[in-house]
Amino acid sequence: MDGAATGSSNKVSSQAGASAHRVPDDNIIEILLRLPAKSVIRFRAVCTAWRRLLSDPDFLAAHSRLQPLDSILYDRLVGSGSGIINIALDTVHISSITSGDGTDRRQRLISVANSKRRPCILLSSCNGVFLFRRSEGCYLLCNPATRQWADLPSLVPSSLVREYAFYFHEPSGEYRLWCHRNPLDTRYGTWHVLSTDAAEPRDVQVHAEAAKRMTELLVGSLPVLLHGSMHWPPPHRRKWLEEEITTEIVVLDTLSETFQIMAGPPVTTVMEVAVKLFISMEGLLAAADLGDMWHINFWFLEDYDAWRWECRHKIDITWYNRRSEFLSGVMMGDDEGNIIVGRGSCFYVCNVRTKTLSMAYSVDSLPDNVIVSRHVYRQSLVQQPYFRAQSSHDLQLMHIWCK
Amino acid sequence: MAAPESGDGNNGAARMVTLISSDNTRFEVEAAAASLSQTLQLTILDGGGGGGDGIPLPNVDSATLSKVLEYCIKHAPAAANGGAPNATAVDRAELERFDNEFVNIDQSVLYSLIMAAHNLEIEGLQSLVAKKVADMIKGKSPMEIRRTLGFPDPTPEEQAEMNAHMLEYGWAYE
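As they're listed, the protein sequences go chains A and B. Counting in full-length UniProt numbering, the first sequence runs from 1 upward without gaps. Counting in full-length UniProt numbering, the second sequence runs from 1 upward without gaps.
You may find that some hints are simply not true.
Under the rule of at most 25 Å between Cα atoms (straight-line distance), these lysine-lysine pairs were calculated in the PhoX-like manner [stated by the list, open to error]:
#: 1; chain 1: A; residue 1: Lys38; chain 2: B; residue 2: Lys140
#: 2; chain 1: B; residue 1: Lys74; chain 2: A; residue 2: Lys38
#: 3; chain 1: A; residue 1: Lys355; chain 2: A; residue 2: Lys314
#: 4; chain 1: B; residue 1: Lys74; chain 2: B; residue 2: Lys138
#: 5; chain 1: B; residue 1: Lys140; chain 2: B; residue 2: Lys74
#: 6; chain 1: B; residue 1: Lys67; chain 2: A; residue 2: Lys38
No lab work stands behind these hints, which were simulated from the structure alone.
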């Protein structure tokens, strides 16, 4: 601390006035980091120094880290024309879900004009970028914050394609999508990686037996990304005996591009295996066992390298007679000890500190065309070279509302 | 989070420290509250600020310091609890209400506060005030920002760049 005396506003403006072409000071940067995306982009026009700062990758990464985690809801818009279903993607801040006072806090993010025959479907979300499927084997990436788009190479001639893993590959700076083509083929189909920087899909060799096991285990569940690997929860299935069974988690190392099968948390449920994976606030891989009639069990992978699961929380849901509703859940944790479980039309909050379950945010009171998706979103202005401004063709398809 | 425990943590005997503003006003506060400042925390852990000595803060005037301390005193209990595992929703709502009221002040005071929070390294306060100022300026045009900050009028080249940006990113100006 030097000896200068005051901290008045005069000092700020005179300093700033003299430094129109200098890098803004730390206090100004703290303010700019908390602007909405739209303002960040607009303020690039203030002066050269601001433009440089507000386009700087470190600034943009820090800006993204400060953005709240949002849950995505689908809203099927009324008044759609014939042959067209318009779908909007709305966001709700996860932090505001927990304070549940019944108000509708949705914010519109994107609306998509959909033909009934070839609907554009949201498949996944990663680092603020959405992956849409336009048609079989044909994909579109969209960052609503920058209003930029990117294509993935198409899989043609198109045939039955299943998408498995969408992630950002750090070393190459590419977004990648793992697809499985002809999964019903006797030779267990073929695996392909589509990358934003590549013109053509790249074939990946997966051992036939392994591929068969993998496709059995990967059915219809969203993987979570941690430590450069994608993790798929065990598939949902019925069981009839009250016995402890081991579950399996498929792990795809995105660097070595190899699959591994690891142990999931043990479940002791009577009726079914229903495990969802999520990343806890402390950055641990966590699993919710939702198949029990009386409890929700939360497991945490305490030590990733030693791969050790520990049941940390058991929440009593005996009173709750609609438990099957949890099975479609989207899972997220926050730093207040809340774990959010979403399903069709509402969010439930399990507070692991108070060991309570409560319904927190319901879209039941809204028109019945709103449903909770499995996707989460954190706004990001981070630029990737292969993203470009939207073309008129894309404009016809989607409208972005992002603030 | 890392507020110092003065031995027994007994509230009745909470350790006090004295802070001296740039205009020589003395403020006596609990060490736990002052320790929200990373800068002060080290001095206080070393046993400074007690008795007649006081810690001089030559960069912070008394009006700003009293405001800063109002924030620290309110937030100290939650911070001492290390993320407040036993905080109730009511406690959190009360802090949120306090924060909203707290930054509902004149713009010049906000600027003094953000500088004081920066100097004293009070993370929560810095982020609270920065958010408030960001909310106040987020709707402004680039030209309004230049005027607010007292920048000189743009040169013709700068003006041309500003126009080009507006053409390319029209949606960000809506």
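Do the hints match the structure? See the list:
{"no.": "1", "hint": "Lys38/A to Lys140/B", "verdict": "holds (11 Å)"}
{"no.": "2", "hint": "Lys74/B to Lys38/A", "verdict": "violated (34 Å)"}
{"no.": "3", "hint": "Lys355/A to Lys314/A", "verdict": "holds (7 Å)"}
{"no.": "4", "hint": "Lys74/B to Lys138/B", "verdict": "violated (28 Å)"}
{"no.": "5", "hint": "Lys140/B to Lys74/B", "verdict": "violated (33 Å)"}
{"no.": "6", "hint": "Lys67/B to Lys38/A", "verdict": "violated (32 Å)"}
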